[in-house]
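There are 2 protein chains.
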Amino acid sequence: MAATLVSSNRSFKGRQFVYKHASSTTQCEMTFGVYIPDHKPDEKLPALFYLSGLTCTHANFMEKSGFQQFASKHRLVVVHPDTSPRGVDVDGDSESWDFGKGAGFYVNATVEKWAKNYRMYDYIVKELLEEVVPSVAPIDLAKIGIFGHSMGGHGALTIGLRNSSKFQSISAFAPICNPITVPWGQKALTGYLGDEDKSTWNQYDASEVLKAYSGPKREILVDQGAADNFLAQLKPETLKSKENAEIVVRMQAEFDHSYYFIASFMADHFEHHAKILNKI
Amino acid sequence: MAATLVSSNRSFKGRQFVYKHASSTTQCEMTFGVYIPDHKPDEKLPALFYLSGLTCTHANFMEKSGFQQFASKHRLVVVHPDTSPRGVDVDGDSESWDFGKGAGFYVNATVEKWAKNYRMYDYIVKELLEEVVPSVAPIDLAKIGIFGHSMGGHGALTIGLRNSSKFQSISAFAPICNPITVPWGQKALTGYLGDEDKSTWNQYDASEVLKAYSGPKREILVDQGAADNFLAQLKPETLKSKENAEIVVRMQAEFDHSYYFIASFMADHFEHHAKILNKI
Numbered sequence: 001m002a003a004t005l006v007s008s009n010r011s012f013k014g015r016q017f018v019y020k021h022a023s024s025t026t027q028c029e030m031t032f033g034v035y036i037p038d039h040k041p042d043e044k045l046p047a048l049f050y051l052s053g054l055t056c057t058h059a060n061f062m063e064k065s066g067f068q069q070f071a072s073k074h075r076l077v078v079v080h081p082d083t084s085p086r087g088v089d090v091d092g093d094s095e096s097w098d099f100g101k102g103a104g105f106y107v108n109a110t111v112e113k114w115a116k117n118y119r120m121y122d123y124i125v126k127e128l129l130e131e132v133v134p135s136v137a138p139i140d141l142a143k144i145g146i147f148g149h150s151m152g153g154h155g156a157l158t159i160g161l162r163n164s165s166k167f168q169s170i171s172a173f174a175p176i177c178n179p180i181t182v183p184w185g186q187k188a189l190t191g192y193l194g195d196e197d198k199s200t201w202n203q204y205d206a207s208e209v210l211k212a213y214s215g216p217k218r219e220i221l222v223d224q225g226a227a228d229n230f231l232a233q234l235k236p237e238t239l240k241s242k243e244n245a246e247i248v249v250r251m252q253a254e255f256d257h258s259y260y261f262i263a264s265f266m267a268d269h270f271e272h273h274a275k276i277l278n279k280i
Numbered sequence: 001m002a003a004t005l006v007s008s009n010r011s012f013k014g015r016q017f018v019y020k021h022a023s024s025t026t027q028c029e030m031t032f033g034v035y036i037p038d039h040k041p042d043e044k045l046p047a048l049f050y051l052s053g054l055t056c057t058h059a060n061f062m063e064k065s066g067f068q069q070f071a072s073k074h075r076l077v078v079v080h081p082d083t084s085p086r087g088v089d090v091d092g093d094s095e096s097w098d099f100g101k102g103a104g105f106y107v108n109a110t111v112e113k114w115a116k117n118y119r120m121y122d123y124i125v126k127e128l129l130e131e132v133v134p135s136v137a138p139i140d141l142a143k144i145g146i147f148g149h150s151m152g153g154h155g156a157l158t159i160g161l162r163n164s165s166k167f168q169s170i171s172a173f174a175p176i177c178n179p180i181t182v183p184w185g186q187k188a189l190t191g192y193l194g195d196e197d198k199s200t201w202n203q204y205d206a207s208e209v210l211k212a213y214s215g216p217k218r219e220i221l222v223d224q225g226a227a228d229n230f231l232a233q234l235k236p237e238t239l240k241s242k243e244n245a246e247i248v249v250r251m252q253a254e255f256d257h258s259y260y261f262i263a264s265f266m267a268d269h270f271e272h273h274a275k276i277l278n279k280i
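Protein chains in written order, with the working numbering: chain A, 1 to 280; chain B, 1 to 280.
By construction, these hints were calculated from the structure, which means they are not laboratory data.
Check the hints yourself; a few may be wrong.
When chains are identical, the list treats them as one kind, so a pair holds in a single copy or across two.
[What the hints assert, rightly or not] Below, a list of computed lysine-lysine pairs in the BS3-like style, where the Cα atoms sit at most 25 Å apart:
1. K279 x K242
2. K64 x K166
3. K240 x K126
4. K20 x K166
5. K73 x K113
6. K13 x K73
7. K13 x K64
8. K73 x K275
9. K235 x K20
10. K240 x K113
11. K64 x K20
12. K240 x K13
13. K116 x K279
14. K198 x K279
15. K40 x K279
16. K126 x K116
17. K187 x K116
18. K64 x K116
19. K198 x K187
Start from the sequences, fold in the hints, and give me the full structure.
See below:
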């Protein structure tokens, strides 16, 4: 359970850490990054969980998004896990870039072959949030936000809405909004959950979870590049605002699906989360 | 001569481009990046040249520094070349990480084996600045700054001071300040220039170039991490201010040699250059 320090770098007014630990949920060693702003010895800080997209590890966001500047400014701890189990080999986990390694889709797999390790949903919601991160970072568990990109945007929306007592603020960059209807999602959900009872897929579909959402009022910020090559896989138009969930989807002209897009709107996402978390 | 577009990504209020071109100076294909802020059709913008450190290509700065935010804010074109010839193989160019590929040291080699291709000094000062970049970016050649990191800091200081009519502003992150006295520099200068007449080395030594500098007044900003593992190779204490060159060396507690350090002070370096270039 204890996390082992992999690296530590001074960054803005804080430190960027990487840790690894033996996960009881995924039954293998997992790596994650955490940025911790300077703080007083007994001070607890709000935290943001960032979920990455297909093919990413914990490192892409850490190296390419420029988020540390805003974590430092707003004094938010930021946690960024890997996107799948890595320390274990399951037959077929490396055959494609959109399934298996780097593509855990933030689900708890039920198909036997994947069910032992591919449990990224529980890993994030339970083990990482409640046990591992509190052992290395001074987080205030009453003030937690979640955001992510693409497959990680799907993860942020579904995890955030389904666990509204644990996550108080939500946003996403170019999220997969309706995976049950698009090739990326259908492939992953068939693989991890099977296709005998597709009603089990709905719990991992942001637009379906949103329809069923009955929790406290949420304002959710979504940025989407208008020149994103993957728009047909993302379907932001399927996210419909309702009384207890206001969705603001901003179509950003000329932007694509890359980290250049993410970095360009990072400041706004931190403003969004800080405003909500600091009010609690 | 004509540069070919490799990639183009919307980033903040501008675009990040990568180009390649056949270089007449290095006699091989060279790749460089250039960020161009949004501008009017006939508008010319000031520009910054960024020189990277050992092992880097054009890409490290583009992906890891977060510079685009500030290039967009201050409306500066930013050019970031590779650190050595790449499209050619010279026997011995890949045996070590601090000599040959990724380690051109911004010199014009005179040792025969290297002299044909390893001409990064002339490549930057003449071909890239005066011919290639103006063919793809709207730069105002009267308002050019130069900065860089480590080996690239050495390049920025020596190129900037020796070409004061071409470069009006200079700064550096953790530059190699006195290469003629340290292992990295001695290895590179022996390899590229030979060690029969070491007086030829002085033109590529920032502290020696500074002593000899007789050009217009310069204020030079240098940031240096106090926890940098390579301090003994860098020797910032050898940079001595003089009447026409004020050197401000800021020792930054806890910071190392990484891009986390560079990113943390990027805003200040853009302020430094913009202030000088916008006054011209």
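Hint by hint, here is what the structure shows:
{"no.": "1", "hint": "K279 x K242", "in the structure": "within (22 Å within a copy, 53 Å between copies)"}
{"no.": "2", "hint": "K64 x K166", "in the structure": "neither (28 Å within a copy, 32 Å between copies)"}
{"no.": "3", "hint": "K240 x K126", "in the structure": "neither (28 Å within a copy, 56 Å between copies)"}
{"no.": "4", "hint": "K20 x K166", "in the structure": "within (23 Å within a copy, 49 Å between copies)"}
{"no.": "5", "hint": "K73 x K113", "in the structure": "neither (44 Å within a copy, 51 Å between copies)"}
{"no.": "6", "hint": "K13 x K73", "in the structure": "both (8 Å within a copy, 22 Å between copies)"}
{"no.": "7", "hint": "K13 x K64", "in the structure": "both (18 Å within a copy, 18 Å between copies)"}
{"no.": "8", "hint": "K73 x K275", "in the structure": "both (13 Å within a copy, 24 Å between copies)"}
{"no.": "9", "hint": "K235 x K20", "in the structure": "neither (35 Å within a copy, 35 Å between copies)"}
{"no.": "10", "hint": "K240 x K113", "in the structure": "neither (35 Å within a copy, 66 Å between copies)"}
{"no.": "11", "hint": "K64 x K20", "in the structure": "both (21 Å within a copy, 23 Å between copies)"}
{"no.": "12", "hint": "K240 x K13", "in the structure": "neither (39 Å within a copy, 29 Å between copies)"}
{"no.": "13", "hint": "K116 x K279", "in the structure": "neither (39 Å within a copy, 64 Å between copies)"}
{"no.": "14", "hint": "K198 x K279", "in the structure": "neither (39 Å within a copy, 65 Å between copies)"}
{"no.": "15", "hint": "K40 x K279", "in the structure": "within (21 Å within a copy, 42 Å between copies)"}
{"no.": "16", "hint": "K126 x K116", "in the structure": "within (16 Å within a copy, 60 Å between copies)"}
{"no.": "17", "hint": "K187 x K116", "in the structure": "within (19 Å within a copy, 53 Å between copies)"}
{"no.": "18", "hint": "K64 x K116", "in the structure": "neither (32 Å within a copy, 36 Å between copies)"}
{"no.": "19", "hint": "K198 x K187", "in the structure": "within (12 Å within a copy, 65 Å between copies)"}
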